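Chains A and B supply the protein sequences, listed in that same order. FYI, the working numbering numbers position 159 of the first sequence as 159, with every residue one higher than the one before it. FYI, the working numbering numbers position 67 of the second sequence as 67, with every residue one higher than the one before it.
Derived from the structure by calculation, the hints contain no laboratory data. Here the structure is a predicted model, which is why all the values come from computation and not from measurement. Think of the CB as a built atom: it goes at the ideal place given N, C-alpha and C, for glycine as much as any other residue. It cannot be assumed that every hint is accurate.
[To be verified] Here are the simulated lysine-lysine pairs, DSS-like style, with alpha carbons at most 30 Å apart:
(1) Lys416(B) x Lys49(A)
(2) Lys282(A) x Lys425(B)
(3) Lys48(B) x Lys141(B)
(4) Lys242(A) x Lys73(A)
(5) Lys416(B) x Lys404(A)
(6) Lys66(B) x Lys41(A)
(7) Lys66(B) x Lys54(A)
(8) Lys54(A) x Lys352(B)
(9) Lys85(A) x Lys295(A)
(10) Lys92(A) x Lys404(A)
(11) Lys399(B) x Lys355(B)
(12) Lys41(A) x Lys68(B)
(13) Lys343(A) x Lys367(B)
(14) Lys73(A) x Lys132(A)
(15) Lys143(A) x Lys283(A)
(16) Lys352(B) x Lys283(A)
(17) Lys141(B) x Lys54(A)
(18) Lys282(A) x Lys346(B)
(19) Lys48(B) x Lys54(A)
(20) Lys143(A) x Lys115(A)
[What the hints assert, rightly or not] To give a feel for the contact side, a few chain B residues facing chain A, derived at Cβ under 7 Å:
(21) Lys352
(22) Lys355
(23) Gly397
(24) Gly401
(25) Ala402
(26) Glu409
(27) Val410
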Amino acid sequence: MSNLMTQDLYLSAFTARQAFLPGQDQAWLKDLRLKALEHFKQAGFPTDKLESWKYTNLANNLLKMSLSFELPKVTPSAVTAQLKKRGFEVEKAHVMVFVNGAYSAELSSLKTLPKGVVIQNLASALAHETVKTYLGQVASAQKKAFTALNMAYFTDGLFLNLAAGQLLEWPIHVVYLSANASQTTQSHLRNLIVLGNDSRAQVIEHYWGENVSAYLTNAVTEVVLSQGSVLDHTKIGQEDLKGFHVGSIEAKQNEASQFISRTFSVGGALTRNEIDTTLAQKKAESVMDGLYLSKGQQHVDTRTFIDHLSPNCNSHETFKGVLDGESTAIFDGFILVRENAQKTDARQSNKNLQLSNTAKVYSKPQLQIYADDVKCSHGSATGQMDEEALFYFQSRGISRADAKKALVYAFAGEMVERVPSEYLKPALTKFVQDWMGGAS
Amino acid sequence: MKAKTQEEPVEKVTSEEYKYGFVTDIEADSAPAGLNEDIIRFISHKKKEPQFLLNWRLKAYGQWLKMKTPEWAFVQYPPIDYQDIVYYSAPKAGPKSLAEVDPEVLKTFEKLGVPMEERAMLAGVAVDAVFDSVSVGTTFKKKLGEMGVIFCSFSEAVQEHPELIEQYLGSVVPYNDNFYATLNSAVFTDGSFCYIPKGVRCPMELSTYFRINAAKTGQFERTLLIADEGAYVSYLEGCTAPMRDENQLHAAVVELVAMKNAEIKYSTVQNWYPGDKEGKGGIYNFVTKRGACRGENSKISWTQVETGSAITWKYPSCILQGDNSVGEFYSVAVVNNMQQADTGTKMIHLGKNTKSTIVSKGISAGKGQNTYRGLVRIQPAAENAHNFTQCDSLLMGDKCGAHTVPYIEVKNNSAKVGHEASTSKIGEDQIFYCQQRGLSKEDAVNLIVNGFCKEVFRKLPMEFAVEAQKLLSVSLEGSVG
Numbered sequence: 001m002s003n004l005m006t007q008d009l010y011l012s013a014f015t016a017r018q019a020f021l022p023g024q025d026q027a028w029l030k031d032l033r034l035k036a037l038e039h040f041k042q043a044g045f046p047t048d049k050l051e052s053w054k055y056t057n058l059a060n061n062l063l064k065m066s067l068s069f070e071l072p073k074v075t076p077s078a079v080t081a082q083l084k085k086r087g088f089e090v091e092k093a094h095v096m097v098f099v100n101g102a103y104s105a106e107l108s109s110l111k112t113l114p115k116g117v118v119i120q121n122l123a124s125a126l127a128h129e130t131v132k133t134y135l136g137q138v139a140s141a142q143k144k145a146f147t148a149l150n151m152a153y154f155t156d157g158l159f160l161n162l163a164a165g166q167l168l169e170w171p172i173h174v175v176y177l178s179a180n181a182s183q184t185t186q187s188h189l190r191n192l193i194v195l196g197n198d199s200r201a202q203v204i205e206h207y208w209g210e211n212v213s214a215y216l217t218n219a220v221t222e223v224v225l226s227q228g229s230v231l232d233h234t235k236i237g238q239e240d241l242k243g244f245h246v247g248s249i250e251a252k253q254n255e256a257s258q259f260i261s262r263t264f265s266v267g268g269a270l271t272r273n274e275i276d277t278t279l280a281q282k283k284a285e286s287v288m289d290g291l292y293l294s295k296g297q298q299h300v301d302t303r304t305f306i307d308h309l310s311p312n313c314n315s316h317e318t319f320k321g322v323l324d325g326e327s328t329a330i331f332d333g334f335i336l337v338r339e340n341a342q343k344t345d346a347r348q349s350n351k352n353l354q355l356s357n358t359a360k361v362y363s364k365p366q367l368q369i370y371a372d373d374v375k376c377s378h379g380s381a382t383g384q385m386d387e388e389a390l391f392y393f394q395s396r397g398i399s400r401a402d403a404k405k406a407l408v409y410a411f412a413g414e415m416v417e418r419v420p421s422e423y424l425k426p427a428l429t430k431f432v433q434d435w436m437g438g439a440s
Numbered sequence: 001m002k003a004k005t006q007e008e009p010v011e012k013v014t015s016e017e018y019k020y021g022f023v024t025d026i027e028a029d030s031a032p033a034g035l036n037e038d039i040i041r042f043i044s045h046k047k048k049e050p051q052f053l054l055n056w057r058l059k060a061y062g063q064w065l066k067m068k069t070p071e072w073a074f075v076q077y078p079p080i081d082y083q084d085i086v087y088y089s090a091p092k093a094g095p096k097s098l099a100e101v102d103p104e105v106l107k108t109f110e111k112l113g114v115p116m117e118e119r120a121m122l123a124g125v126a127v128d129a130v131f132d133s134v135s136v137g138t139t140f141k142k143k144l145g146e147m148g149v150i151f152c153s154f155s156e157a158v159q160e161h162p163e164l165i166e167q168y169l170g171s172v173v174p175y176n177d178n179f180y181a182t183l184n185s186a187v188f189t190d191g192s193f194c195y196i197p198k199g200v201r202c203p204m205e206l207s208t209y210f211r212i213n214a215a216k217t218g219q220f221e222r223t224l225l226i227a228d229e230g231a232y233v234s235y236l237e238g239c240t241a242p243m244r245d246e247n248q249l250h251a252a253v254v255e256l257v258a259m260k261n262a263e264i265k266y267s268t269v270q271n272w273y274p275g276d277k278e279g280k281g282g283i284y285n286f287v288t289k290r291g292a293c294r295g296e297n298s299k300i301s302w303t304q305v306e307t308g309s310a311i312t313w314k315y316p317s318c319i320l321q322g323d324n325s326v327g328e329f330y331s332v333a334v335v336n337n338m339q340q341a342d343t344g345t346k347m348i349h350l351g352k353n354t355k356s357t358i359v360s361k362g363i364s365a366g367k368g369q370n371t372y373r374g375l376v377r378i379q380p381a382a383e384n385a386h387n388f389t390q391c392d393s394l395l396m397g398d399k400c401g402a403h404t405v406p407y408i409e410v411k412n413n414s415a416k417v418g419h420e421a422s423t424s425k426i427g428e429d430q431i432f433y434c435q436q437r438g439l440s441k442e443d444a445v446n447l448i449v450n451g452f453c454k455e456v457f458r459k460l461p462m463e464f465a466v467e468a469q470k471l472l473s474v475s476l477e478g479s480v481g
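Chain B on its own, in the form it takes in the complex:
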């Protein structure tokens, strides 16, 4: 195995750094707060990574030191002290039983209709005590294994399939891509890895929800998903139940690769803790997501429902390299109270006859600020490229904001590119119509909001769609009237 042969130099390099510091901590479960080369070597050593990965991390770290925090997004937050973050720590034990869980969270589970046994798992209670997820996981894995599908944690993949990692890691989001992606490249601790071999149609929706230990992937998560020629996969990330986390900064990277005739459907429901009514303590979600349609007729489809986080900063993108490839982006972003979201997509058309569709629905309530920021670029070689963009905003309350910042760059005249956007509030007449038919005002608003988002919900897998609807009404609770 390649991994074995590379272990030796790893040992050599990783043992070198300890003369500079924290020797006693080598065997400890946590690294001290702060970021330097030693910490990166420590993480890599802890995870028994091959040399190429350590080099890659260090290269990213060197680059990161030269970079500045991006300031172009419409979001405001106090500067982050990167030396105050613990970049590696062993998984912590959660609350021992449901009784120890925040009653607010339990109330939300109730509203969402989460099954009793799942509530415990979601709240972070040690899983095997109440819910036998292991058995679910293993039956899953067996079936996938028979078809040649690799679906495991990133760390496992590094050990078992280093050749795939070496080939694809950073091929879509390079280590020097942007401030947060570069930080992630240097210090990521775990994530998901998925490889669908040639011609395989993945029989079930893959979900991090079912992957063992998924909840403990840490704040710098790395996901790599490859669909080889003719493969199909539908991947679900996140879950509708609120996720609490003591880490405020989350900088994840997701890379998708679709080869010839392959299709990837990537759905996200994000409902991280948005902070209290004054916006204190919420999660900063700074994510880089990008997919490359490498081969002909390949397709990548992003669907996202964003209701959580104090600040969301993410732009799931598609690079349409292969001829006839297709990129899609469907998004619902909700901000309430003090939440801020700056989200959108990039569609880079390189190949002939490439098509992209963008449907973005933004809902702002309370004092929330919601921004759609998108780029559609048609390169000179992209003959007959098509793009359609629609982004609508709904305003609820007079203190919120909705912003649209599209960039459209067309360098080939055979392209057809269209962008439409509208912003409005829920019509008084629409609410009145519902009320005179016996609906309460709150129900009326829910009905209208769900109608507004229907185009996106339709793209979600069935069970997700139902939960997303409920989630939306919970997120907007109390913002009417």
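Just chain A, with the same shape it has in the complex:
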């Protein structure tokens, strides 16, 4: 079954696909899926007429594809070896692997877990009371068309639940692999992270493609942070150039919780990352960091939304981009400080380095402020390589190419330097260096 991506296709295919989706025995979920489909019917695929999709037009690329609903069973190359090659010390992490949207127990390696820690694939946890309580509550199907589509069609994903006071020692490294060989595919992945009071976890969402035909990854992550909990979340996008990635992370933060979100993106023909957080209770803190590196015809679109609902909350947002070739980058950052959110400290910064004169940057840092006792600032800068700095290097006998690499690394590396995790740092350093190896 392979048809052009149209709204009608998704509406009509649902009845047939339903039997293959997990949770057939859960009436509440069936209901959620149908409601989400209804929302998708209302919204349709986003067009560039929508302000939030102004610079990303799917009509000429994604919506021209024919993507199969079938999930081919492929056994990919040793994932562990792949991860090691990419610089991860996998012995020190809980590794979960999803291939083409389905959980692979044999490729995953979950270490022994203490009581009060649940790390499971979502499809097998649907009877869990926490899942029933929170699924679809934070990432509502009403707001975004792709989130609605995801709710209707999701097959699997990560479910993490920590009881109060649980401090998870090792990071959870979740790999979402697209390896569809000759068949086009689409995976709708859903992750749910619920942290109890004063608990702490580190999660890495890692998307990559190998040996693929065209595919779409539509990933939604819901995060619920109870009082005093801390989530360190990193999303690494290394999709194949034949891949389209549409991802949305939505978090709800309760009192004094901390949400650290990092987005590192190099892959994909088209990548759309949305990160939303609601600082629902006082003293919550949010850090959003991001780095996107693009070349060729790549299109990378980042949209963030920080909703300051309560007083005494902080948010710090830093996104950097390096663009080469004819690639396009969009940064649309939105900070909303509501009437009640006095003593807010919100900072946002977006910096772009253009390596070629055909790359395009669209930056839209927005502030909407309804409270008066606040400190809010945003900055955006777009520029090119500093000729004087290049000259300085060259005058000391360093080739222009090497000098360029050093300067790009100095710019992009800041985002890596800020990562405290010993597990991530070497891999992310490699991530940036590997990209530069291929850049002009």
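Fit chain B to the known structure of chain A by using the hints.
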């Protein structure tokens, strides 16, 4: 004359429509409320316009019918009934003496320090009775005429210089540009026209304030200003004294054209009636202002101080076509009580080495909502373009809002584009510092606010700057403490 030869077809066309309606009204001074093709023909006929202008108006009207009211701005107002507006009426007589003027307005004049004789004129009292503006106007005109500067009302220009109007009208803001500009193109009744010939440096600041009948340009005003090669002009629009007007909707269009080496400095002080404390009855100011830097080394500079109107919706923009051309935008926007302002600028870089600077200061008090919305676009051909943007917001009171919506689009890597914005309230420590040196709280706030706006005030012509400072303190009166 071109105008004469074109009169005939005008007669022919304009006489046609009367078979459809209101024949008896042809000679009347006012058109009935409502908008249709007949009304447009009526306006054009009344103003004895050449055929090309009528055609242009009708083209705009046809386009307007297909357009929808823009809804993207952060402003809220009940839908406007466009059929309930009188699109043409002869100037009305104002109050006969100062005694008939609203005492609130007089009080404000007092605070602003407006000279006695000017108060009457500003309040709309028939001018020649109290203030001999005619003589001021004529001496002005004579001097300008000697230098070849044309400065007159739009209607006069249509009669006397139709070739210039035909050449430049709509060349910067086309008739189909946006909802309000298109409406304006269809129904504008008057405005200002200014042409500075090659190499002339206009000897004085041109001001609508001195132009005779300027106060009666109506709610759909059209301004066209052309600075030919090497010319310079500084143009002042509006005035600091509060302007009352029975028309709620104002949709003006301002077009500026700067040729090679020319410079235009356009300053606006807008203080229209903002409505009462609940926001009732204030003016809706929906303006399209745009300047084109056509030639090399040309420069257009917009400076605005916006304190009035219930709703302000305007984005003075620069199209930087010529190489090395420069665009500037300096703005102070104040909202108090229920006022809403959605204002900013667009800088479109097309030519090489083009530069633009944006400094926007927003002050929100009461329940006011203030939005900066701006676009900086560097097109692929714009090598070495530079832009610097700074927009700061000051919040006074916990019910107001300050919003920043910048769009930055860079399509050339030799560009340097920077945007900075901050939002904060007046620091308690700053007020305390002033108070312990003997200033009252209100004076302290004024001092701090004026400091906040200094960068923009510095760009205003001298006398305007002084008045603008006073205006600011009047606008923010009672918003502290």
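Each hint, compared with the structure:
no.	hint	result
1	Lys416(B) x Lys49(A)	holds, 29 Å
2	Lys282(A) x Lys425(B)	holds, 20 Å
3	Lys48(B) x Lys141(B)	holds, 24 Å
4	Lys242(A) x Lys73(A)	holds, 19 Å
5	Lys416(B) x Lys404(A)	holds, 18 Å
6	Lys66(B) x Lys41(A)	holds, 28 Å
7	Lys66(B) x Lys54(A)	holds, 22 Å
8	Lys54(A) x Lys352(B)	holds, 27 Å
9	Lys85(A) x Lys295(A)	holds, 23 Å
10	Lys92(A) x Lys404(A)	violated, 35 Å
11	Lys399(B) x Lys355(B)	violated, 37 Å
12	Lys41(A) x Lys68(B)	holds, 25 Å
13	Lys343(A) x Lys367(B)	holds, 19 Å
14	Lys73(A) x Lys132(A)	holds, 29 Å
15	Lys143(A) x Lys283(A)	holds, 26 Å
16	Lys352(B) x Lys283(A)	violated, 49 Å
17	Lys141(B) x Lys54(A)	violated, 49 Å
18	Lys282(A) x Lys346(B)	violated, 38 Å
19	Lys48(B) x Lys54(A)	violated, 45 Å
20	Lys143(A) x Lys115(A)	violated, 36 Å
21	Lys352	violated, 12 Å
22	Lys355	violated, 14 Å
23	Gly397	holds, 6 Å
24	Gly401	holds, 4 Å
25	Ala402	holds, 5 Å
26	Glu409	holds, 5 Å
27	Val410	holds, 4 Å
Violation of the numbered hints given earlier is confined to hints 10, 11, 16, 17, 18, 19, 20, 21, 22; the remaining hints are satisfied by the structure.
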